[in-house]
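Let the sequences and hints guide you as you build the complete structure.
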Amino acid sequence: MLGNQQSNFERFKKELNYTYEKVSFYRKHMDNAGTDPNSIRSPADIMKLPYTEKKHYRKNFPLGVLAKGYKPNDIRLTRSQSSGTTGDRLVTVEVGMLLLNRALKCARANPAIEKAILNHKRKTCRYAAPNCSDVECANPNSTMEDRLLSDGTLVLPVYHDLLTTSDELIERALNEIREYKPDLYYIDPTHFAFLVRHARKRGVTLPAAPVMATYTSPTRCSRRQIADMFSGQQGVIELLASSEMGWLGLECPHGRLHMNTDSFFLEVIRDDRYAEPGEIGELYVTSLDNGALPHIRYKTGDAIRLLNEDCPCGNHLPVAEMQGRLVNFIKRENRYLASPQDIDRLIDAPSWLDQYQCHQVDENQITLKVLVNDHYSEGVERELANEVENYLGQACVVNTEKLTYIATDRSGKFQATKSEVEMVADVETSTTFGDAHVISG
Amino acid sequence: MSFLAEEYREKLIQDFPALSRELDGTPITYLDNAATTLKPRAMVDAVNEYYLGISTNIHRGKHYAIEEVSNRYEQARYKVAELIGCGGNEVVFVRNTTEGVNLVADGLGVAVEDHVVIFSDAHHSNMLPWLGRGQVHHVRFDEQGAVDWDHYESLLKLEPKVVAMTSCSNVTGIHIPLERAVGMAKQVGALVLVDGAQTVPHRRINVGELDVDFLSFSAHKMIGPTGIGILYGKRHCLEKLRPNNLGGGMVDWVELGEYRLRKIPHRFEAGTPHIAGAYGLGAAIDYLNQLGFDQLREDDRAMGRYMLEQALARSYLRVVNPDSEADRGGVISVSIPGQEKLDDFARILSDSYGVMCRNGHLCAQPYLDMLGTGQVLRASAYFYTRREDVDRFFSGLDEIAEMLLDNTGVVGASSVRFP
Chain F
1 MLGNQQSNFE RFKKELNYTY EKVSFYRKHM DNAGTDPNSI RSPADIMKLP
51 YTEKKHYRKN FPLGVLAKGY KPNDIRLTRS QSSGTTGDRL VTVEVGMLLL
101 NRALKCARAN PAIEKAILNH KRKTCRYAAP NCSDVECANP NSTMEDRLLS
151 DGTLVLPVYH DLLTTSDELI ERALNEIREY KPDLYYIDPT HFAFLVRHAR
201 KRGVTLPAAP VMATYTSPTR CSRRQIADMF SGQQGVIELL ASSEMGWLGL
251 ECPHGRLHMN TDSFFLEVIR DDRYAEPGEI GELYVTSLDN GALPHIRYKT
301 GDAIRLLNED CPCGNHLPVA EMQGRLVNFI KRENRYLASP QDIDRLIDAP
351 SWLDQYQCHQ VDENQITLKV LVNDHYSEGV ERELANEVEN YLGQACVVNT
401 EKLTYIATDR SGKFQATKSE VEMVADVETS TTFGDAHVIS G
Chain W
1001 MSFLAEEYRE KLIQDFPALS RELDGTPITY LDNAATTLKP RAMVDAVNEY
1051 YLGISTNIHR GKHYAIEEVS NRYEQARYKV AELIGCGGNE VVFVRNTTEG
1101 VNLVADGLGV AVEDHVVIFS DAHHSNMLPW LGRGQVHHVR FDEQGAVDWD
1151 HYESLLKLEP KVVAMTSCSN VTGIHIPLER AVGMAKQVGA LVLVDGAQTV
1201 PHRRINVGEL DVDFLSFSAH KMIGPTGIGI LYGKRHCLEK LRPNNLGGGM
1251 VDWVELGEYR LRKIPHRFEA GTPHIAGAYG LGAAIDYLNQ LGFDQLREDD
1301 RAMGRYMLEQ ALARSYLRVV NPDSEADRGG VISVSIPGQE KLDDFARILS
1351 DSYGVMCRNG HLCAQPYLDM LGTGQVLRAS AYFYTRREDV DRFFSGLDEI
1401 AEMLLDNTGV VGASSVRFP
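Protein chains in written order, with my numbering: chain F, 1 to 441; chain W, 1001 to 1419.
What the hints contain is simulated information worked out from the structure, not anything from laboratory work. Worth double-checking, as some hints may not be accurate.
In silico DMTMM-like links for lysine to aspartate or glutamate, alpha-carbon gap of 25 Å or less [unchecked claim]: (1) F:22 to W:1024; (2) W:1161 to W:1209; (3) F:299 to W:1209; (4) W:1341 to W:1327; (5) W:1341 to F:378; (6) W:1341 to F:145.
Right, dumping it as structure tokens:
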């Protein structure tokens, strides 16, 4: 687990008691697992508690998962509706002030973001998959007014399938940014890199403001393109967030991801045990603020690697490295071979590359798809493919495709590394993570 | 009016693998049959029979497999002809009801000065194809949602070239007295097109007896495959209809600059058709015939009555056309006064209760706008629907309403989100 173990454990116990008392689904869930809050006496006991998953919240929303005393139409609640990274939909709510507090605690990791968030007249431009917002940003007939949320967020227009976005919509997004003059960009990095590419082609300079990247993890290639547009400031600031929980981690000015243990009880689980520093594991999150929709040991499907080091930025929040969604890891024989982060490290950010997708088609085959620019020279993508093959110990053949279009997922998000290979749950053993942590930064 | 025997229904349910599916551990209750029905194993087997066999083309060449497959394709056409009481050459295979209506609207050559009468409760598929063709007049409906027959009669005095009607509303499940509606139109010499998408799956329509000129319906709403629909046209009407797709399979002779159309119905089936779909459609018709259309009709009526009773027993619901005397099938649409959108209701019914129904404007937006309902929730049954399934829909709705409705009538939390 992350953070100050003892003080967070006390808060964890309070949240557990609160949830058991107030949330009908979770009481049943614990009863079915044969546990109750009294059986959790030390941090080591936490592993006895059943985890929760997205499907539990979807199935029981709102009747079973809202804490007693809340109704979905409570004006204190903020609602979020998501198709999810995996296309697995979810509606969730939480007390708006709690979400704000979580964000503020997390924002302390990065002064530029903290300053932007504390600005009550903040003007945010959002550029991400259309179904990540409640407004019709994929509708070419929508106006700026249609897409302006009451918190000052302007949702920029973009098509669901990013690379099919019309020139007209790109032009409109660029014009709206210049007109709105945001003091914060809240973006999906793949989407924003795409927009930045088109801005450069048109000779357009976008107004400077912190660029906070969420929805998907930024690749080095996206980072390079965005940083080129915003020289003189930190290029991309990664935010690890979810619709359900809010802000879970934020990148500091030194490029380290600080996990928000002030707001959450965070566990990193690897093969049914806590991951050691340096190891990759799955992030489980427990809320700690007795909210409207408390989560206990919520299995996020995100993998992180704990880094046991102090950050030169001075922030006390623990440091980790995002590895990507577990479903997107390269897998073989029911073992994780490489994380999306591992693949991204291998691909890096060559000047000729605009966008890539490393797609594991089956256990033996990967296709490396590349979108290239004028710096491209024949065959360079093969060198990258060879690096990936070598890293995987020749376990998979990596074919290459130079393309002008790569489809986004149904969720509207673009996964730079994705896999069609599924882990088989009933043969999951203590070795599923294999050596996926071996590469160091 | 009587339900199918429950034991028999349970036996039929076993033919539908989808009905044993669960959503997050909850058995599903499928009440979106007006949109598309579920598919029985026998129908899917027939589709597979084509694809796993020598899946050759039809009517092109002389090898054995072509003959075999062409025969099966044409057999499906004859089954449709027997089903609706017409000649085999009066059955055109199209993609769906919508394509059938478009083919007629496009091919009739409606002149600017011609009058076209359409019904305001129409699905968009029997409304939009007519717009911009001649002078279009919409038959009014009263505030309950029932046909204004006087208005219809007054519009017929314009001597329209075409009357396009919907035999059963996809919103209300109410079947209009087709004999009356068609008869009135024929008296003024109009061509009559019937959108039968919601009727043919439940009741026999005999096009000869009714004197209908065109009838369009879809296989997927009657346990058949998607991608194949039927346009019936009287022989002489089809002869005059202009095909809107040109290409292979629909011509007898082609020279540079001119061609000679094949006989009906083949001239309307350009390109390789949905052969596997025809196999599936044939199997679907066999299945329904075996079940018996009299039983289907009576079960549908009994379900319609039951759904209406359940809806009327709930004061927070407003039924679209609650006329208890109407000839009603197993479809009910309800609105909740004060609730413009019912997305949350539909989503929770699905995700928490496993009840899959439809919400929105049901592709009949002008009709619902006219009634001022906003979005509606629609539950629609088919012969594999149990009364308990309908009970689950309404009891789920009760619980959700208790949770979501308050004195202000506001549902849901703020959509404002902190970044």
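Find the hints from earlier in the document that the structure breaks and name them by number, from lowest to highest. 3, 4, 5
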